[in-house]
Every structure is written in structure tokens, then in C-alpha cells.
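Student: With chain A's structure known, arrange chain B on it following the hints.
As they're listed, the protein sequences go chains A and B.
Residue 991 is where the first sequence starts when you use the numbering used here, and the numbers rise one by one after that.
Residue 991 is where the second sequence starts when you use the numbering used here, and the numbers rise one by one after that.
Simulated from the structure, these hints should not be mistaken for laboratory data.
The beta-carbon is built from N, C-alpha and C at its ideal position, and this holds for glycine as well.
One or more hints might be untrue.
Covered stretches of chain A (in silico footprint by chain B; criterion: 3 or more residues with CB under 8 Å from a CB of chain B, positions within the stretch not fixed) [as the list claims (entries may be wrong)]:
# : region
1 : 1025 to 1032
2 : 1153 to 1161
3 : 1224 to 1237
There are 2 protein chains.
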Amino acid sequence: MSRIGIFDSGVGGLTVQRAVLEAVPTAGTVYLGDTARVPYGTKSAETVTQYSLRNARFLARHEIDLLVVACNTASAVALPALREALSVPVVGVVEPGARVAARASRIGRIGVIGTQGTIASGAYQAAIRRERPDATVVARACPLFVPLAEEGWTDPRDEVVRGVVRRYLAPIREAGIDTLVLGCTHYPLLWSAIEAELPGVELVDSARAIAADVRERFGGAGPASGEHLFFVTDTPESFLAVAGRFLGRPVLTAEHVDV
Amino acid sequence: MSRIGIFDSGVGGLTVQRAVLEAVPTAGTVYLGDTARVPYGTKSAETVTQYSLRNARFLARHEIDLLVVACNTASAVALPALREALSVPVVGVVEPGARVAARASRIGRIGVIGTQGTIASGAYQAAIRRERPDATVVARACPLFVPLAEEGWTDPRDEVVRGVVRRYLAPIREAGIDTLVLGCTHYPLLWSAIEAELPGVELVDSARAIAADVRERFGGAGPASGEHLFFVTDTPESFLAVAGRFLGRPVLTAEHVDV
Chain A
991 MSRIGIFDSG
1001 VGGLTVQRAV
1011 LEAVPTAGTV
1021 YLGDTARVPY
1031 GTKSAETVTQ
1041 YSLRNARFLA
1051 RHEIDLLVVA
1061 CNTASAVALP
1071 ALREALSVPV
1081 VGVVEPGARV
1091 AARASRIGRI
1101 GVIGTQGTIA
1111 SGAYQAAIRR
1121 ERPDATVVAR
1131 ACPLFVPLAE
1141 EGWTDPRDEV
1151 VRGVVRRYLA
1161 PIREAGIDTL
1171 VLGCTHYPLL
1181 WSAIEAELPG
1191 VELVDSARAI
1201 AADVRERFGG
1211 AGPASGEHLF
1221 FVTDTPESFL
1231 AVAGRFLGRP
1241 VLTAEHVDV
Chain B
991 MSRIGIFDSG
1001 VGGLTVQRAV
1011 LEAVPTAGTV
1021 YLGDTARVPY
1031 GTKSAETVTQ
1041 YSLRNARFLA
1051 RHEIDLLVVA
1061 CNTASAVALP
1071 ALREALSVPV
1081 VGVVEPGARV
1091 AARASRIGRI
1101 GVIGTQGTIA
1111 SGAYQAAIRR
1121 ERPDATVVAR
1131 ACPLFVPLAE
1141 EGWTDPRDEV
1151 VRGVVRRYLA
1161 PIREAGIDTL
1171 VLGCTHYPLL
1181 WSAIEAELPG
1191 VELVDSARAI
1201 AADVRERFGG
1211 AGPASGEHLF
1221 FVTDTPESFL
1231 AVAGRFLGRP
1241 VLTAEHVDV
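Okay, chain A solo, but in the shape it has when bound:
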């Protein structure tokens, strides 16, 4: 049985865990949400790398076979440092998401949305061009999407939601893309609102893309049998209040740790 370590800046990485467990039901997991330092998307690459290393070292002490970096910002800026520091394989969400998008696009015009840190790093743009050198990539940071999703304001009929989504996606829409990578774990919560603004555009969820990669590595068959541990760096209350909704199954306990 495999044990997978997963970290994210907060609760959003549970959507990645959910997709991984749908793909590999037999896996055990150890999840760390760095809820005391969330968000990563507005912070420098140096600080995000430092936090990512602390998270990874904590998870490495739990006998994991693989580290999944569920946070897009950490995947975009910290992967080389994490691979150097750890003896187990490390996978991030950027490369699988970029690969799926590069293959899905018919016309080679691809959009990427994410946090300021993810977009500024250029990691998605570079990964898409590695897969498909002729691709045109249009990228945009959407800083209000995370607070919108956390506030639960996601209904595409809501005028505030529509207004924010329309404003951020206007340049993406004008660029005439046919594929858009949702490069942040929170953005799939706005799926319907984004889809309504970009009719005919295929949306790529990096969580699903990385889950397919993990299945290739571990095989997918078998009954759900793994143990699932949850750790957070802030007190657990607010994490536990929403974790079940993100994971799609109950999360009853999470332990507070200082990493």
C-alpha cells in the first residue's frame, strides 16, 4: 500500500487529494495545510520556497512514498528545491495541468489563470511551451477569485460573481483561446461562472490532471483502504469547518503542528 504526502497553503489542496483518491482509492494520505501562513499566491518565490521546504520535511517524516505539491504557487516556484531536499519523488500540479491543456487545445491558443505568484513565475507558460512549442499562451492573475470562492460567492447568476469573472477573463476571452487552465485549487469552485463567460472553451483542472499522473505511478484498482491523516499550522477549527466540503468526505480530526 502506498502512502502519499500532500501539502497546500491551506484547505484548497483537499480538492487535489479528492481527485487523487478517486484515481487511487487504495492510497493512504498525510495532508498538511499551512493555514497559519496562507495564502502563498501573494508572496515572494523565496518565502514560498522556504515554507514549502518546511512542509515537505514535516511530511517526509511520515514515511511517504510520494510528495504531491497541491498548491499551484508552490508547484510553480519551489519544485526544484523540493526535489533536491527530498529522497522521495515530488510531483506538482503545474506540469500535469500544462500537459493536459497542451494536448486538449485544437488551435494552440491556451489561457492560464492563477494567483499573482503562479502567473508571475511563468511556470505554466513555460511548461505549456515545452509540450507544444508553437502554442500561444495568455496568462492572467485573478486575485479576487480565492476570496470569492471562500465567501461562497460562486453562483454564475450572481451579479458580483459575474462582474468579477467577466473583468478578469475579458483579455483571455479577447485572445480567442480554446482551452483554459484553472491554475489554483480554489478556481474549480467557480467552474460554472467561468464556463458561462467563456462558452466553448475547455476548462482544465490541474487537480484531475495530477491525479491521472499519480494513478499511472501507483495503479488505480483496489478498495479504499488507506489511513488519512490531516495536519494544519493554524488551529484546526476553521479547517475542519470546511474540509469535508473540499474533500467530498468527512474530515473529523486535524492536528495542529508548528513546522
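Tutor: Structure of chain B alone, referenced to chain A:
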């Protein structure tokens, strides 16, 4: 000459420093923005208190005569711990803001808006009732106001701004208040949009309220003569990019520190 230590979770506390320096131009200042851990408003009281103590101990090593807690959330939850840990006086923004609001209200119906942490702590509500036991206080957390202000979306004619402000302030408006405390350093950036939604309501900016308190303590007269030092816990670039706008005078250098 007095030297004042000021900390905030990020850049917003520079609006407090600005008001303090308008009131006490002779003061020197040491500012610490905890930009690697920002925001505080979504985190537990325990974590905010721990970070506040680290910030305060760092500033205490710079020979300050007074510590100003510019962050509303830290003022709301960490003041007793800070006063116990430090040998210099510690003032927060909550009590001055509550006092000004309690005195300004004609009808004794007062609104408070702030982060989730500030509102959940009940600190403003309790401080207003200490000043004016008969007051009715209506409080509301407005999580999208900080990202709106940071995105620069503050124009009251902007439909997204108007939509968000209207939604949060609806229960405040219906409560028939005549005074509203802006209990977060970012909210004065939305002054016009809030004012447009609550015509006839007096807005209280806690930054101005605490500045008046500091002037009483140190006296206000004299030429601008103090030295001003800036420290941040994330890399300085993004702080320096906006600091001048918040402080109202150029900020040329800030030093990265780990506290």
C-alpha cells in the same frame, strides 16, 4: 525625541503611521510589516497572538518608547499578551476607534466592519459598550474589502465595487446606525464607496483615532525630524511598490527580517 514602534500584518499599517506622523511630526518610527504571514484577519486568535508577540519583541529591540499595534485584528485579540510581554506602553487601534465612535453617535446605534478575526473577537463591540453601555452595536465581517482595496478596485461608480459594498453593508444599513467604525486599515481606501452606500452615516477611521491618542501622549508640535525605518518579513519588493501610496511619502528602502 520619541521613537514609536508600529507593526501590522502587512502594508496597511502605514496608513496608521501616516496619521501618527501628521499628529506627531517630530516622532521617529520603526515599522514592521509581517508580509510573509499576512493576512491576520482570517487566522485564529492563538496564531495572531503568537505572530504579534514575535513582531513586538523585534521592535522592542529598537529602543522604542511606545508600541502602536496598527493591525485591527492583532489589536482585537493580542493586546493583553503584548502588554504583559513588553516594558513599554502598548496601544492598539480598537479602543481609540471605539471611543471616537461612541462619542460621535447621536442615537447610540453604531456599526463596526472589519476582518473575520476582528469581528469574531467582539473587541470593538465590547469597547464601544464600555464607553456607552446603552449603545446598540451591529458588526459585520467584510472579507472581500481587503482584496478589493489591494486590487485598486475602489471607485464607487464601479459596478463590482458597488455590488460588493452594498451586499456587505445591507444589514448595517437596515439597522439604522448613524456611525460606522472602519475597523481594518484597508477600509479607508473604500471610503467613498462606503459613504455612497450609507448616506448621512459618520465614518470613523481608527487610524485617525489612535493618532489623536498618540499626540496626547507625546505632544504634537515641532518640525519633522525623526528617522523612519521599515522592516518586512517577506522580500521587500512588493512592499516598496505600494508603501509610498499608503504612507503618503516616499519609502525608499525596507529591510527583510525573519522574526
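Student: The structure should be examined with respect to each hint, and the outcome stated for every one.
Tutor: Status of the hints after comparison with the structure:
no., hint, in the structure
1, 1025 to 1032, "holds (count 5)"
2, 1153 to 1161, "holds (count 3)"
3, 1224 to 1237, "holds (count 4)"
Checked against the numbered hints above, the structure breaks none of them.
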